[in-house]
Amino acid sequence: MSEENKPQETKPKNMIQAINSAMDVAMDRDPNVCVFGEDVGYYGGVFRATAGLQEKYGKTRAFDTPINECGIIGVAVGMATYGLRPVAEIQFADYIYPGLDQIVSEAARLRYRSAGEFTVPMVIRSPFGGGIFGGQTHSQSPESIFTHICGIKTVIPSTPYDAKGLLIAAIEDPDPVVFFEPKRIYNGPFDGHYDEPVQPWSKHPASAVPDEHYVIPLGKANTLREGNDVTLLVYGTMVHVALRAVEELGVDADVIDLRTLLPLDIEAIENSVKKTGRCVIMHEATRTSGFGAELAALVQERCFYHLEAPVQRVTGYDTPYPHSLEWAYFPGPVRTRLALERVMEDVSGQV
Amino acid sequence: MAADEPRRNLPPLQLHIPEPKFRPGDEADFSDIEVPPAGETPRPDTAAPHDAMRGHAYGLVRVLDDDHKAVGPWDPKLDADTLRKMLRAMALTRAYDQRMFRAQRQGKTSFYMKCTGEEAVAIAATFALDRDDMTFPSYRQQGILIARDWSLVDMMNQVYSNKKDRLKGRQLPIMYSTKQGAFFSISGNLATQFPQAVGWAMASAAKGDTRIAATWTGEGSSAEGDFHSACTFAAVYKAPVIMNVVNNQWAISSFSGFAGAEQTTFAARAVGYGIAGLRVDGNDALAVYAATQWAAERARTNNGPTLIEHFTYRAEGHSTSDDPSQYRSADEAAEWPLGDPIARLKNHLIGLGEWTEEKQEAMDQEVAEQVKTAAKQAEKNGILGHGLHHPLETMFEEVFEEMPWHLREQEEEMLAENRAANNVAKTR
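Protein sequences appear in the order of chains A and B.
If you're matching positions, the first sequence starts at 746 in our numbering and goes up one per residue.
If you're matching positions, the second sequence starts at 3 in our numbering and goes up one per residue.
Certain hints may be false.
Said to hold, decoys possible - In silico DSBU-like cross-links for lysine-lysine, where the CA-CA straight-line distance does not exceed 30 Å: (1) A/801 x B/87; (2) B/378 x B/87; (3) B/209 x A/804; (4) B/374 x B/361; (5) A/804 x B/181; (6) B/166 x A/801; (7) B/361 x B/87; (8) B/240 x A/804; (9) B/361 x B/165; (10) B/361 x B/378; (11) B/166 x B/378; (12) B/428 x B/166; (13) B/165 x B/181.
What the hints assert, rightly or not - Now the stretches of chain A that chain B is said to cover, found in silico as 3 or more residues with beta-carbon under 8 Å: (14) 804-816; (15) 846-853; (16) 858-866; (17) 1004-1015.
What the hints assert, rightly or not - Which residues of chain A face chain B? A few of them, derived with a C-beta cut under 7 Å, are: (18) 819; (19) 823; (20) 824; (21) 827; (22) 890; (23) 894; (24) 895; (25) 896; (26) 919; (27) 992; (28) 994.
Treat the hints as calculated values from the structure; they're not laboratory data.
None of these values were measured; they are calculated from a predicted model.
We put the beta carbon where it would ideally sit given N, CA and C, even for glycine.
Bound conformation, chain B alone (with noise of 0.2 Å):
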């Protein structure tokens, strides 16, 4: 029978497509947003049960005010040189990033993606998490090796997959790996990495270590199975892991209302599944810093797993592949009630005593320098499609840890079309 013939004396069925507020051209008015006041949360024991902090996952965790003071009980009242770390670490992410951006639009890569707005999200949990506790990022948290103190020049080279590239260029840009930074492999299958780090760390568990394991992943990248996996194992099993939801309102042209931010937030899905969830101004330093210390703390007295939304908006693009003034107000960046999260630990220490605009600057100077220097170190190395790569022969390796005959035979294939190109690509 045909959809369209009426059938009975009923309203039709409507289907809601979700439709974000604003669109290019429109004024962007927040307002409706409910930003509780700094310090109201109450903060549980971190061996308290779930169901006993049903709110956390619909409220927000603040400890910066109005006035940039720390305040409530979840200031982490950290010492002003952390404060200045953490500041420093949030600055030279920035810079980076810049100077990346225009790498790709100068040619030199293929492809760049900013953490800018959201800063906080990574580099404050880092300072939280221990040295060696493995992380399991998406890729928006390079603010996590450089939180760790992580070589510039090293990030480079795999951004440029150039000869020192460790991963011999045989990644996409941004999708760093290193395991001495407990920093796992970036993948760009989406929220894999969910279910790797609660593995990781119900072995961390089974093996009576202390180390814990945090992952990142989008609002966007929820949606996906593998999300729901994690969720559901690290709550059966108590996984002594941190899963971070990045709600940064936008996952490309989407808004998080594809992820079902119309009906609820995404530290309530922690409430299914049993576990804590918190939600977190993303853009307070101090607040992502002292929910991460709380999961942390949590996780290692094996009182389980914490899934924590952090509130924040992504002030750029999705990548150097898009163009967010095509489906978003061009205004939203400006007219996002939480502020920028540098500016907020800037005006916090400021108001401190404990730092300066002028000293500011320098700083913002000082970053910029160290990413030129480390730019220009890296670029010897090579950029992309400069012929400084790896030598072809890497193509073959580390498919398996022997190789097996039929590669060998691929390998010597290719080299022999290397020859008949006139040697084009360097090998050994």
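Pulled out of the complex, with its shape left as it was, chain A reads as follows (with noise of 0.2 Å):
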């Protein structure tokens, strides 16, 4: 590497800053790239992902809007088919759903009814998942919502480093992403141990965020750790969560973040499950019809033949988030040494 290419010593940087970097390259590199929503602009939005962008790039590509989910993401879609990259905010994914038709009906499908001519290059970012005591409107995960939709990438960072660089490859990729962004990690890598503080992002490796451009490809799984007895297929907060759990526990576990649920890296699953023979799915959100269901869907089909013990399903309960049971309903070490428990018996029923 040449000496004006090498990244240059950066300060860490929690995933805010990350995810605030991301857009920051995109927009300087692409004109073309504007961010907007509720509280974006002048703020520079609640969470502050956007501080700084107005400043720096103009009323123009970075401003506020009005509560309207449904008017944000529609007019993100017409100006995506304008020939715009927008990055539009809605500040928490609980209120995604005013804006559900118009990526339903129209971001995910316009390349395909136009046969090409419209399409829709669109990011939407949202905050999302529990832990903060955010009660049932501030907590929800609704990513199955939208991997059931076809012609639409649904990605989700765990990691300050994975946040930018996964964020700069959705503003650039053709079609429309939805960006989770998990906002009990935005400061640090939450295990589930809401018991003990959490340590700050800059303690951890993944902080090492480069101030320049940089890509991770959509649809590639990261793997974490390696091991042969069990695969642990995770994503968002739960990474951290199930990373914790299998040290404490001491499996030898592989251990997949996903990045990406849809397109998903079949291949790394497929191999991991193979080599181990067992595998536990965590999810946050709700059990019945969650991207669980589809990963274990997966496995059986593919990995049949290699499972030695039924596949796990780690996730919220299948009622609304509650506010004072946040911690009971949270899908914590507990939830998770259960079933590892559980997949490690054999078939024999002994551990």
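Given two chains presented individually in distinct reference frames, assemble the corresponding complex, making use of the accompanying hints.
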């Protein structure tokens, strides 16, 4: 690497700073990239993800919008068909539903229904997931609604480094991407131990985020830990819950961070489960028809004769996210341990 | 507590369910519709503040008077050639509709929708727009394409979902799309095009472009949230967009009262949003032209959006799947106080000494021939269900720019299924 291309030493970044840097880099490189949403412009977003972008790129490229998700997404679709690359923020994933028709029937289908003439290179960024005492309207994980829709990609990062590379890839992608940001890990890799202080990202190697442009391709999983006995399929906050749990329990596990749910890195999943013969799927979203159901189906279709135990799911319960009982709802260390114990039992019932 | 137990000494509440004035068997009498004389409405400056023209949202811009003369400040003073072109586009659209409606009845396609009686709304507006202004139509503005001299054969290929359909047989008939024609892909989900048009216009403004956007929806669909989202965004950002509400009185079987017409006009929605609102005689091609020209100039000079209500009448059924005799009076169309847009423009041209009944008859025959020739050509490319479709593999193309593995696998499954079905469908 030549001296001038060498990434500069930079201060560690948390997830918000990494996401901010991704948009900054994308806006700097492409004058068609613009960002908007509720409180996104002058204030820089309620989570500060767009801080400084209006000052740097001007009001027509980073601006506030009315509180109207249908309008935000509908307008973004129109802008994208004009030739811009809009990055729309939906303040909380829980608020995305008024804009759903514009995503499902419009953004996701325009390329197909116009036979490629009108395309929607748009990103919808949205903080999602619980663990912040947000109650039922600031905690949901609606990713499986979007993976069920044909024509849209769904991306969920788990670290600052990944967040920046994946978001730049999403912005540069020719198709619409829903980019869910696990807000519980904006400031540090929360591992489910709610009774312990969370380490800041600065102590984590993935906080070394270059200031420059780089891309993590969509559709590539990241194997974070290699083992022989069980495969953990995880994304978002659950990546850190899984890593801590296998470490604590001394389980010899593959931990695979899916990073992109659609398109999915099926090869990484298949290779790992065939090797370990056991699989635990973890997500914070409700269980029924959750993305784990799709993963479990794929695993049994492709790896059935390698499986030594039923596939286990560690998920949120099929209830709204309760405010005061947040930690009883959250799929944390105990639920993970019980699932690992179940999956490690052999067919004779012995652990 | 059960709701039917009287609790208090108060009159019971009553729920109002709107009811149209006439049902099948009733004599339609529209004498209560206020039709102001043509030429009466003042024409404000295109930079006029929206609140200086509130009356326009409740009035009716009309140019053609009862003697078919163009009168008043809204007269766009078009030359006779332009008027004849406009008339021809309207006649061609009507002939096209008749032919394609019949084609559906003959089993050549699954579905069709006419715009009979409201041709002026799309066609006169298109004449007032620039060729590269972006249009976001609903399903009843085929007149835009015809006014832009788009190929009838290309449109028919779409209706027949045949092998030459540029949309590869993916869309319901009449859901045209052409980027080259600056005509946005039509959606079956109603009013979704409204915020999209606003977004396109915002992008055009942000980029310092000179093109504006225009969009259309029915009065029924103006009840959708998307319509109100669009109005909010258009007002907030002063987007260079023209938002047209085609008030043709009927949304399938629901009369305009179910979208709020008993209470106010559709143009009056503009008042609440603080944007310019115009209510226009939609069967008066010159009034539609003039209103669109006004709104286009307003948009192009950064004076913001305009909401135009086109007061018109859907002279035929909603679609080939509809039977309006089941829910409305059969003589409504004939009794409609604003007449027929083609007849009115024709009479205007005759009054100018620029046209005759004989020429009209000859033109009607000529456009019918043109449509027939186009239909024959299009039918050579196939009609729906007769095997001349795009190859099976196209089902999986353009879901994404690059096909992901799961679609590739499903495509293989589909091809295997087709082989198991003795290759019933055409493949590459």
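Outcome of the hint check:
Taken as a hint, the residue 801 of chain A and residue 87 of chain B pair is broken in the structure, with Cα atoms around 50 Å apart against an allowance of 30 Å. Of the supplied pair hints, the one linking residue 378 of chain B and residue 87 of chain B holds, its CA atoms being roughly 25 Å apart against a limit of 30 Å. The suggested pairing of residue 209 of chain B with residue 804 of chain A holds, with an alpha-carbon distance near 12 Å, which does not exceed 30 Å. At most 30 Å may separate the alpha-carbon atoms for a hinted pair to count; residue 374 of chain B and residue 361 of chain B meet this at roughly 20 Å.
Proximity of residue 804 of chain A to residue 181 of chain B is assessed by CA-CA distance (about 29 Å); at most 30 Å being required, the pair is judged to hold. With a CA separation close to 48 Å, the supplied pair residue 166 of chain B and residue 801 of chain A exceeds the 30 Å bound. Between the alpha carbons of residue 361 of chain B and residue 87 of chain B the distance comes to roughly 13 Å, so the proposed pair stays at or under 30 Å and holds. Only pairs whose Cα atoms come within 30 Å are accepted, and residue 240 of chain B paired with residue 804 of chain A is accepted, the gap being roughly 14 Å.
Pair hint residue 361 of chain B plus residue 165 of chain B does not hold up; C-alpha atoms about 37 Å apart against a cutoff of 30 Å. A threshold of 30 Å between alpha carbons decides the hint, and for residue 361 of chain B with residue 378 of chain B the separation of about 26 Å falls inside it, so the pair holds. Of the pairs offered as hints, the one joining residue 166 of chain B and residue 378 of chain B holds, with about 14 Å between alpha carbons and a cut-off of 30 Å not exceeded. At roughly 14 Å between alpha-carbon atoms, residue 428 of chain B and residue 166 of chain B fall within 30 Å of each other, so this suggested pair holds.
About 20 Å separates the Cα atoms of residue 165 of chain B and residue 181 of chain B, which keeps this hinted pair within 30 Å; it holds. Given as covered by chain B, the segment 804-816 of chain A passes the check, having 7 residues with a CB less than 8 Å from a CB of that chain where 3 are the minimum. By the rule of at least three residues with a Cβ nearer than 8 Å to a Cβ of chain B, the coverage given for the segment 846-853 of chain A holds, with 4 such residues. Under the rule that three or more residues need a Cβ within less than 8 Å of chain B, the assignment of the segment 858-866 of chain A holds, with 7 such residues.
Under the rule that three or more residues need a Cβ within less than 8 Å of chain B, the assignment of the segment 1004-1015 of chain A holds, with 4 such residues. With a cut of 7 Å, the hint placing residue 819 of chain A at the interface with chain B holds, because the nearest CB-to-CB distance is about 3 Å. Given hint, residue 823 of chain A at the interface with chain B, holds; its Cβ is 3 Å from that chain's nearest Cβ, closer than 7 Å. With a least beta-carbon distance of about 4 Å to chain B, the hint placing residue 824 of chain A at the interface is held under the 7 Å criterion.
A distance limit of 7 Å between C-beta atoms decides the matter here; for residue 827 of chain A the minimum to chain B is near 4 Å, and the interface restraint holds. Residue-level restraint check for residue 890 of chain A is violated (minimum Cβ-Cβ distance to chain B is 17 Å; threshold 7 Å). Evaluation of the residue 894 of chain A hint against chain B yields a violated restraint, the C-beta minimum of about 10 Å exceeding 7 Å. Because the closest C-beta pair between residue 895 of chain A and chain B is about 5 Å apart, less than 7 Å, the hint holds.
Restraint check, residue 896 of chain A versus chain B: the minimum CB separation of about 5 Å is within 7 Å; hint holds. Interface restraint check for residue 919 of chain A: the shortest CB-CB distance to chain B comes to about 4 Å, inside 7 Å, so the restraint holds. The restraint placing residue 992 of chain A at the interface with chain B is violated, with a minimum CB-CB distance near 32 Å, outside the 7 Å limit. Of the supplied interface hints, the one on residue 994 of chain A is violated, with its beta-carbon coming no nearer than about 33 Å to a beta-carbon of chain B, more than 7 Å.
When the structure is compared with the earlier hints, violations turn up for hints 1, 6, 9, 22, 23, 27 and 28 and for no others.
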